[in-house]
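As you go down the protein sequences, you meet chains P and R in turn.
For what it's worth, this note's numbering labels the leading residue of the first sequence as 1, then goes sequentially.
For what it's worth, this note's numbering labels the leading residue of the second sequence as 1, then goes sequentially.
Read the hints as simulated data drawn from the structure, not as lab findings.
Small disclaimer: the values here were computed from a predicted structure and weren't measured.
Each residue gets a CB set at the ideal place from its N, CA and C atoms; glycine is no exception.
One or more of the hints may lead you astray.
Quick list of the computed label-pair ranges, beta carbon to beta carbon [claimed, not checked]:
1) T86(R) - L100(P): 25 to 31 angstroms
2) A93(P) - I97(R): 48 to 54 angstroms
3) L28(R) - A55(P): 45 to 51 angstroms
4) G17(P) - L45(R): 39 to 45 angstroms
5) D11(R) - N133(P): 49 to 55 angstroms
6) S90(R) - L141(P): 16 to 22 angstroms
7) D11(R) - T132(P): 27 to 33 angstroms
8) A55(P) - L24(R): 30 to 36 angstroms
9) L31(P) - A82(R): 17 to 23 angstroms
10) A78(R) - A93(P): 31 to 37 angstroms
11) A82(R) - I159(P): 31 to 37 angstroms
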Amino acid sequence: MSDVDSAIAEDGPADWGVLSDLPGNPLMWVLIIGELLVFGALLIGFAVSRLLHPAMFHAGQASLNLWLAGTNTLVLITSGYCAANAVRARATAGVTASRLWLLAAMGLGGCFLAIKGVEYADKAAHGYGLETNAFYTLFFLLTGFHALHVVMGIIVLGIVAWHNNAENLETGAAFWHMVDLVWLILFPLVYLLR
Amino acid sequence: MRTVNGDSRDDWGRRLVRAWMVLLGLTLVSVGAALAGGTNNRSGLVAVVVALVASFIKARQVLDHFLDLRRAGPGWQAVFTALLLTILGSCLVLYVIAGWHG
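Isolated chain R (complex conformation):
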């Protein structure tokens, strides 16, 4: 069977559909978690963690499957993971600190 970028033609198509479904599903989960707390109330810690973890997984899906970063070496994988964790982790810490002061 002919392969492109390490995938058979069918595998490539299925992989993209799977990534798309994960992205849509996680978006609905994170919006649902935010709405569950009411749009005028402060977000609960669970909703915050759900939103940030979903954001991290979604970013990895785009990097790995749409941008094909999965074909890069472990060093580059680690660089992008560290970059995402730094941005999202910093915002989580700042959110928690704001909660203590609020």
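Just chain P, same shape as in the assembly:
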């Protein structure tokens, strides 16, 4: 054991202060709170803009496909369930079962992106883009920023499937649940409240 390892072993686990009360990796919780604040501010901005341009937002929201977005919500929820089961399987059934659950979560994440691609292609076919008006600017920024998180989440799940120890897995799954959590707040505010 090196001197550094000896020092860490003698000191015990790092003291994260109040963050130590949270389960899993404290830094992941900092990221979760940060993402909730960023998306929360963007969504409140969306609601303020809707207040200022009611006709524009009503027409924009009426053009959104509720069926595709609703299906995507069910897909992402199920993907989160698979990621949670990957953590459970790692603790109770072993690495292979855990990896299979992660593959299912990643596959459903891919489905989410494919459906999002269909939605964007439909908007483009109708001539709607980032610069059409304030509604579409915010719509594409919010959903596109979230979709980038989905891409990152799939990569993170792939990494923790490969380096499948319990701590990595819990941290990677937490990132995926954060992506899920943000969508559960974004979906009603952008698609349902018209």
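Since the structure of chain P is already known, use the hints to place chain R on it.
Positioned in the frame of chain P, the structure of chain R alone reads:
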């Protein structure tokens, strides 16, 4: 019986299935409430409240059961509840104000 994170193995699995079912069910309820008003009409207040309450409960399910926040202390529980209520509550207030002006 061996326990992990305060659950027996079977309890852990059942808890995740229960959370998943609640999430799916509430999504269907909120989409159904939105569709009931017609996709081209403005949402009624009931559909708005259903969507936002469902969103809050779903977020708590993910936090408590997928992210295991239920194992954290009451202070952290309150922080996340306050954060969610601030975001969803602000949007509800702004929606109601937009309704008055519309």
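Quick rundown of the hints versus the structure:
{"no.": "1", "hint": "T86(R) - L100(P): 25 to 31 angstroms", "result": "39 angstroms, violated"}
{"no.": "2", "hint": "A93(P) - I97(R): 48 to 54 angstroms", "result": "52 angstroms, holds"}
{"no.": "3", "hint": "L28(R) - A55(P): 45 to 51 angstroms", "result": "30 angstroms, violated"}
{"no.": "4", "hint": "G17(P) - L45(R): 39 to 45 angstroms", "result": "43 angstroms, holds"}
{"no.": "5", "hint": "D11(R) - N133(P): 49 to 55 angstroms", "result": "51 angstroms, holds"}
{"no.": "6", "hint": "S90(R) - L141(P): 16 to 22 angstroms", "result": "19 angstroms, holds"}
{"no.": "7", "hint": "D11(R) - T132(P): 27 to 33 angstroms", "result": "51 angstroms, violated"}
{"no.": "8", "hint": "A55(P) - L24(R): 30 to 36 angstroms", "result": "34 angstroms, holds"}
{"no.": "9", "hint": "L31(P) - A82(R): 17 to 23 angstroms", "result": "19 angstroms, holds"}
{"no.": "10", "hint": "A78(R) - A93(P): 31 to 37 angstroms", "result": "35 angstroms, holds"}
{"no.": "11", "hint": "A82(R) - I159(P): 31 to 37 angstroms", "result": "33 angstroms, holds"}
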